[in-house]
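This is what each chain is made of:
2 protein chains.
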Amino acid sequence: MMTQTEMTKPANKVKASTPSEREVRTERIFNAPRERVWKAFTDPKLLAQWWGRGNKLVIERMELVRGGHWRFVEHAPEGVHGFEGRYREVTPPERIVQSFEWDGMPGYVCIETMTLEDLGDGRTRVVSTTLFHTKEERDGMLNSGMTEGLEQGYAVLDRLLETMA
Amino acid sequence: MMTQTEMTKPANKVKASTPSEREVRTERIFNAPRERVWKAFTDPKLLAQWWGRGNKLVIERMELVRGGHWRFVEHAPEGVHGFEGRYREVTPPERIVQSFEWDGMPGYVCIETMTLEDLGDGRTRVVSTTLFHTKEERDGMLNSGMTEGLEQGYAVLDRLLETMA
Chain A
1154 MMTQTEMTKP ANKVKASTPS EREVRTERIF NAPRERVWKA FTDPKLLAQW
1204 WGRGNKLVIE RMELVRGGHW RFVEHAPEGV HGFEGRYREV TPPERIVQSF
1254 EWDGMPGYVC IETMTLEDLG DGRTRVVSTT LFHTKEERDG MLNSGMTEGL
1304 EQGYAVLDRL LETMA
Chain B
1154 MMTQTEMTKP ANKVKASTPS EREVRTERIF NAPRERVWKA FTDPKLLAQW
1204 WGRGNKLVIE RMELVRGGHW RFVEHAPEGV HGFEGRYREV TPPERIVQSF
1254 EWDGMPGYVC IETMTLEDLG DGRTRVVSTT LFHTKEERDG MLNSGMTEGL
1304 EQGYAVLDRL LETMA
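Chains A and B, in that order, give the protein sequences. Sequential numbering of the first sequence, starting at 1154, is according to the working numbering. Sequential numbering of the second sequence, starting at 1154, is according to the working numbering.
Keep in mind the hints are simulated off the structure, nothing from the lab. Incorrect hints may have been included.
Which copy is meant is left open, because identical chains are indistinguishable; a pair holds if it fits in one copy or across any two.
Unchecked claim - Okay, derived cross-link-like pairs now, SDA-like style, lysine to any residue, Cα gap no bigger than 25 Å in a straight line:
hint : residue 1 : residue 2
1    : K1288     : E1270
2    : K1288     : N1208
3    : K1288     : M1267
4    : K1288     : S1170
5    : K1288     : R1219
Excised from the complex, chain A in its bound form (with noise of 0.2 Å):
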């Protein structure tokens, strides 16, 4: 059953937008500090909680250093998708720059910005810019539902970083 604040506090959501012909910008409020949003972002023990929207999700590799490597294993109902790439940048705790590639389209490779900004009430926001070779690339992703997977996963960090607080 939901209190009182729950039900009046705005639900936080993604804004997504298109700063460019290949890029794509998202960003999303968190109700909790920086450092606990970063936490949630770079421990693979917590990260694995909502990476995968609720599913279950094998972290076969995270090397979360300037050149590192990271893979992940998405089980999804409809399916089993594995994610990798490299880390570019790792600056804690406010940015990682990585590359981001999808087993389903291999050798599509984009790149992702990621920034957690202190918003100084004890919330985070957290901008994340993915540049693609094509803007059929852009769009592809766009249409492939990414926007609502980044809302799943954000909906299930949400609830993780109450129980962290």
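For chain A, the structure is supplied; the task is to place chain B on it using the hints.
Using the frame of chain A, we list chain B on its own:
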């Protein structure tokens, strides 16, 4: 000592151009039929003999199918350089599309499309087009001596193709 034929035969040189601000295109003719050139590009034992420009090359991974990974380590006098990527398309004997990343700039990923054109006279033209995420990355690659490195490797390949005849 060169024979008269070798002295008068025009040298095959790399022609490089920039078809767009995020691309580099190179082409090079080889005095060998396409099947032989394809073999020299796809048989790890042969590739290891020329890709490193005469330096020792360790092929750590070369899964030459769509979705497969590759990783080569060149042991040059000035240092050890790792390169890696993933195959987007492998179409014998004419086309390979793959991602390409140098360990020195992790997370900067370009896409190479290589085609082998049968010139019908026992020669083969290899055309390689590389697409970068930004113009700056493209210019950085050009300024790193990309064409010269390619020329060195192809010169070794010329000699290998002769021995394969």
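- prompt: Any hints this thing doesn't respect? Which numbers, in order?
  reply: 1 and 2
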